[in-house]
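Trainee: Chains A and B supply the protein sequences, listed in that same order.
In terms of the numbering used here, the first sequence is residues 1 to 225.
In terms of the numbering used here, the second sequence is residues 1 to 245.
Bear in mind the hints are in silico, worked out from the structure with no lab data behind them.
A virtual CB, placed ideally from N, CA and C, is assigned to each residue, including glycine.
Among the hints, a few may not be true.
Derived DSS-like pairs: lysine-lysine, alpha-carbon spacing no greater than 30 Å straight-line [what the hints assert, rightly or not]:
{"#": "1", "chain 1": "B", "residue 1": "K95", "chain 2": "A", "residue 2": "K185"}
{"#": "2", "chain 1": "A", "residue 1": "K185", "chain 2": "B", "residue 2": "K101"}
{"#": "3", "chain 1": "A", "residue 1": "K124", "chain 2": "A", "residue 2": "K216"}
{"#": "4", "chain 1": "A", "residue 1": "K18", "chain 2": "A", "residue 2": "K185"}
{"#": "5", "chain 1": "A", "residue 1": "K54", "chain 2": "A", "residue 2": "K124"}
{"#": "6", "chain 1": "A", "residue 1": "K124", "chain 2": "A", "residue 2": "K222"}
With the C-beta cut set under 7 Å, the calculated list includes, among others, these residues of chain A facing chain B [what the hints assert, rightly or not]:
{"#": "7", "residue": "Y2"}
{"#": "8", "residue": "V69"}
{"#": "9", "residue": "A85"}
{"#": "10", "residue": "L197"}
{"#": "11", "residue": "G201"}
{"#": "12", "residue": "S209"}
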Amino acid sequence: MYEFDWSSIPGALPFLVKGAVITLQITLTAVVFGVIWGTLLAVARLSSWGFLAKPAAAYVNLLRSIPFVMVILWFFLIVPQAIQAVFGGATRDIRLTSALVAFSLFQAAYYSEIIRAGIQSVPKGQAQAGYALGMGYGQVMGLIVLPQAFRNMVPLLLTQTIILFQDTSLVYVIGLADFFGSAQKVGERDGRLVELLLFAGAIYFVICSALSYLVKRLQEQKVTA
Amino acid sequence: MNYHWNWSIFLQPVPSGETTYLGWLLVGLQWTVALSLCSWFTALIIGTPLGVMRTLPNRFLSGLAGAYVAVFRNIPLLVQLFIWYFVIPELVPVKIGDWFKQLNPVLQEFVAAWLCLGLFTSARIVEQVRAGIDSLGRGQRGAGLAMGLTLGQTYRHVLLPMGFRIILPPLTSEFLNCIKNSAVATTIGFVELSRQAQQLVDYTAQPFEAFISVTLLYLVVNSIVMYFMRWLERRTRVPGFMVAK
Numbered sequence: 001m002y003e004f005d006w007s008s009i010p011g012a013l014p015f016l017v018k019g020a021v022i023t024l025q026i027t028l029t030a031v032v033f034g035v036i037w038g039t040l041l042a043v044a045r046l047s048s049w050g051f052l053a054k055p056a057a058a059y060v061n062l063l064r065s066i067p068f069v070m071v072i073l074w075f076f077l078i079v080p081q082a083i084q085a086v087f088g089g090a091t092r093d094i095r096l097t098s099a100l101v102a103f104s105l106f107q108a109a110y111y112s113e114i115i116r117a118g119i120q121s122v123p124k125g126q127a128q129a130g131y132a133l134g135m136g137y138g139q140v141m142g143l144i145v146l147p148q149a150f151r152n153m154v155p156l157l158l159t160q161t162i163i164l165f166q167d168t169s170l171v172y173v174i175g176l177a178d179f180f181g182s183a184q185k186v187g188e189r190d191g192r193l194v195e196l197l198l199f200a201g202a203i204y205f206v207i208c209s210a211l212s213y214l215v216k217r218l219q220e221q222k223v224t225a
Numbered sequence: 001m002n003y004h005w006n007w008s009i010f011l012q013p014v015p016s017g018e019t020t021y022l023g024w025l026l027v028g029l030q031w032t033v034a035l036s037l038c039s040w041f042t043a044l045i046i047g048t049p050l051g052v053m054r055t056l057p058n059r060f061l062s063g064l065a066g067a068y069v070a071v072f073r074n075i076p077l078l079v080q081l082f083i084w085y086f087v088i089p090e091l092v093p094v095k096i097g098d099w100f101k102q103l104n105p106v107l108q109e110f111v112a113a114w115l116c117l118g119l120f121t122s123a124r125i126v127e128q129v130r131a132g133i134d135s136l137g138r139g140q141r142g143a144g145l146a147m148g149l150t151l152g153q154t155y156r157h158v159l160l161p162m163g164f165r166i167i168l169p170p171l172t173s174e175f176l177n178c179i180k181n182s183a184v185a186t187t188i189g190f191v192e193l194s195r196q197a198q199q200l201v202d203y204t205a206q207p208f209e210a211f212i213s214v215t216l217l218y219l220v221v222n223s224i225v226m227y228f229m230r231w232l233e234r235r236t237r238v239p240g241f242m243v244a245k
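Just chain A, with the same shape it has in the complex (with noise of 0.2 Å):
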């Protein structure tokens, strides 16, 4: 039997919460870039004028469709080379805000969906009440349209803001000590993987079960209300 030692993570915990820190950046930052630019796609998506609708429509598509690990990497791997190529400039560690630009470019994809719905769900007659009053098109989304949908997606969003959690663990592909990176780097380290294995998916089990059963308390009140 295969015998447990979990003596080498108390001395790691300042070592993890360093990780955990830079999880949290990413989540973060992710989610107020993410919800603001997939707000606006998802205007741009729902506007009678061609050239906004298309090109956010095929943002969302293409972002949708390719694996986030491949997003991830091109953002390491072949934009900073483009970029430099174009700009110039020197090498230096890019890791943390290449995973910064893709994880709020690729999450703003799928927010926008969820945002699209939302403002789909807000009755026509809202809009055109608005418009009644002689508001303009800023105001009725601003004011009317946006207020009442972002009240319906509040149980989507955080939802997708859980996965997004935990899809920060992917930032591994690029070498970033995120919670996990650093869980992973201690178990190799101290040759106890196995128990740094476990204990991380322990914490994230605990975090995002205690995230969804908030989740789904704030969808009965909703219900009941």
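Keeping the supplied structure of chain A fixed, place chain B upon it in accordance with the hints.
Mentor: Showing chain B alone in chain A's frame:
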């Protein structure tokens, strides 16, 4: 920009000489398809009965299926993959662990990725199957039981045939997710498509060609699956029900 495009790189032989770089890409494609298909069918076989369990009146059984879903949904795919690859072989009885470790490395990676992706996807199918059956409402189940069908027969002849038709579109996106998720296997060194993209970058110094072709290959696989699933949707449509929304 002074990048030197060279698409003929794919026709050049790899260092070991046995194939061309295009051959490498095709090997990657093969493994990506093999891994995705194996995982997908495993996920369907495990996910369907558990999805049914989730809708049963027995609270213990439905709770059990719920716990299964919670475990696989709340741990990142990458962590699960590492657990299958590095942890499980240590924890199973020594004989089985040793047998696994003596396998050909590619086979080891494949088996670990297959189990991981299959079970991960199955948890998502459980939820879809449950949503499909729930969306039928109580009436269908009641009608089946009132006609004298047993609970099993009601599922077999009423709930599942209708439920599966309803969830075909979300199942399509789960299938696509399964293919996309197979790229995570690159982290344990499995030679699927995205790994081959990285290999080509290392060996050829033609990163753009490598990444563009691999991305296109993913798009092609995606389109084929989408096309097939649309066809299946049309084929199985019940006249009078669920006319195009």
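Trainee: Run every hint past the structure and note whether it holds.
Mentor: So, going through the hints one by one against the coordinates:
1. Only pairs whose Cα atoms come within 30 Å are accepted, and K95/B paired with K185/A is accepted, the gap being roughly 28 Å.
2. Our distance criterion of 30 Å between C-alpha atoms is met by K185/A and K101/B, whose separation comes to about 22 Å.
3. At roughly 28 Å between alpha-carbon atoms, K124/A and K216/A fall within 30 Å of each other, so this suggested pair holds.
4. Taken as a hint, the K18/A and K185/A pair is honoured in the structure, with Cα atoms around 13 Å apart against an allowance of 30 Å.
5. For the hint pairing K54/A with K124/A, the CA-to-CA distance comes to about 22 Å; that is within 30 Å, so the pair holds.
6. For the given pair, K124/A sits about 21 Å from K222/A by alpha-carbon distance, which is consistent with the 30 Å threshold.
7. Hint status for Y2/A relative to chain B: holds, with the closest Cβ pair at about 5 Å, below 7 Å.
8. Because the closest C-beta pair between V69/A and chain B is about 4 Å apart, less than 7 Å, the hint holds.
9. Checking A85/A against chain B: minimum C-beta separation of about 4 Å stays under 7 Å; hint holds.
10. At its closest, the beta carbon of L197/A sits 5 Å from a beta carbon of chain B; the interface hint therefore holds under the 7 Å criterion.
11. For G201/A, the interface hint holds, since its Cβ comes within 7 Å of a Cβ in chain B; the closest pair sits about 5 Å apart.
12. Among the interface hints, the one on S209/A holds; its C-beta lies about 5 Å from the nearest C-beta in chain B, closer than the 7 Å criterion.
When held up to the earlier numbered hints, the structure conflicts with none and fits them all.
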